[in-house]
Amino acid sequence: MYAKSNQEFLEMFEKKTNYSSWYIQNEILNISSNIIKENIIQELKKCGMYALVCDKGRSYKQEQMSMCVRFVDSNLNIFERFIGFFDVSGGQGAEQLSNLIIFLLKELNIHNVPMWHSHMMGQMSCLVLCQEARNFFNVLEAVYIHFAQPSRNKQLTDLQIKMNRLCETRWACRYKNCIAVKNNFTEIIQILEKEIEEGASRDVLQAI
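Quick note on numbering: this note's numbering labels position 92 of the sequence shown as 719, and the sequence is numbered without any gaps.
Where hints are given, some of them may not hold.
What the hints assert, rightly or not - Listed below are the simulated SDA-like cross-link pairs for lysine to any residue, each with C-alpha atoms no more than 20 Å apart in a straight line:
#	residue 1	residue 2
1	K664	L732
2	K821	W743
3	K672	K683
4	K664	L735
5	K664	G720
6	K688	L735
7	K673	S716
8	K803	I823
9	K688	I662
10	K673	I662
11	K803	H773
12	K809	N765
13	K683	P741
14	K821	Q758
15	K664	C681
16	K733	Q758
17	K683	Q758
18	K672	G720
19	K688	G720
20	K673	Q719
21	K673	S725
22	K672	F636
23	K673	G720
24	K688	F713
25	K673	L724
26	K688	S716
27	K664	D682
28	K733	E670
29	K733	S701
Said to hold, decoys possible - Each pair of labels, with its calculated beta carbon distance range:
#	residue 1	residue 2	range
30	K672	S716	28 to 34 Å
31	Q689	E824	26 to 32 Å
32	G684	K631	40 to 46 Å
33	E635	F712	24 to 30 Å
34	D682	T813	35 to 41 Å
35	I663	E768	21 to 27 Å
36	K683	N810	56 to 62 Å
37	F730	I772	38 to 44 Å
38	N810	E722	43 to 49 Å
39	K631	F764	49 to 55 Å
40	R761	N810	21 to 27 Å
Just so you know, the hints here were simulated from the structure itself, not pulled from any lab data.
Just so we're clear, the structure is a prediction, and the values are computed from it rather than from any experiment.
A virtual CB, placed ideally from N, CA and C, is assigned to each residue, including glycine.
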């Protein structure tokens, strides 16, 4: 369609090689990515040591692990470089992740470069509190679902506007819901207690 009104585009489009194929574009991206990673590795090796940073990164369809490296130059300027995302949907256990990390370090040819490692006490604390945090957000989700039901009650309608559905990958939504529940806690309890007294909903006991 665009070629009908643009002669230069038409001439380019009719050529046998126009580099518009998704395969060609992906190949160009992969080549660029490899060049960038090679430059990062050269900078890292020049430093002589580095810190490895791995974290969980969830996408829509996969469980992913992100990998970054941190090092300094000769002037002690700190650099943190992103290496990539890697699919760990097959397992997120210690053995699977450690095997993947070792494989990636060997593939990047930096497995023999001295690496600094520190136990993440904050992360360990997070793992201990994980179940409690999950239970807490499950309660928030139950409250949201209960109050999301259509209603002519103005007090309830106003509350619906303030609360949002929790999102698995957007922590900002969870934070906003925590603030909304905190600021309207008395109002929420009053509405739930009133519904219990009136027997207006079978799900209200579960919500409260």
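Hint-by-hint comparison with the structure:
no.	hint	in the structure
1	K664 / L732	holds (12 Å)
2	K821 / W743	violated (58 Å)
3	K672 / K683	violated (26 Å)
4	K664 / L735	holds (8 Å)
5	K664 / G720	violated (27 Å)
6	K688 / L735	violated (26 Å)
7	K673 / S716	violated (34 Å)
8	K803 / I823	violated (27 Å)
9	K688 / I662	violated (28 Å)
10	K673 / I662	holds (17 Å)
11	K803 / H773	holds (18 Å)
12	K809 / N765	holds (16 Å)
13	K683 / P741	violated (24 Å)
14	K821 / Q758	violated (31 Å)
15	K664 / C681	holds (16 Å)
16	K733 / Q758	violated (35 Å)
17	K683 / Q758	holds (17 Å)
18	K672 / G720	violated (30 Å)
19	K688 / G720	holds (19 Å)
20	K673 / Q719	violated (32 Å)
21	K673 / S725	violated (25 Å)
22	K672 / F636	violated (45 Å)
23	K673 / G720	violated (33 Å)
24	K688 / F713	holds (13 Å)
25	K673 / L724	violated (27 Å)
26	K688 / S716	holds (9 Å)
27	K664 / D682	holds (19 Å)
28	K733 / E670	holds (17 Å)
29	K733 / S701	violated (25 Å)
30	K672 / S716: 28 to 34 Å	holds (32 Å)
31	Q689 / E824: 26 to 32 Å	violated (48 Å)
32	G684 / K631: 40 to 46 Å	holds (43 Å)
33	E635 / F712: 24 to 30 Å	violated (37 Å)
34	D682 / T813: 35 to 41 Å	holds (38 Å)
35	I663 / E768: 21 to 27 Å	violated (40 Å)
36	K683 / N810: 56 to 62 Å	violated (31 Å)
37	F730 / I772: 38 to 44 Å	holds (42 Å)
38	N810 / E722: 43 to 49 Å	holds (45 Å)
39	K631 / F764: 49 to 55 Å	holds (54 Å)
40	R761 / N810: 21 to 27 Å	holds (23 Å)
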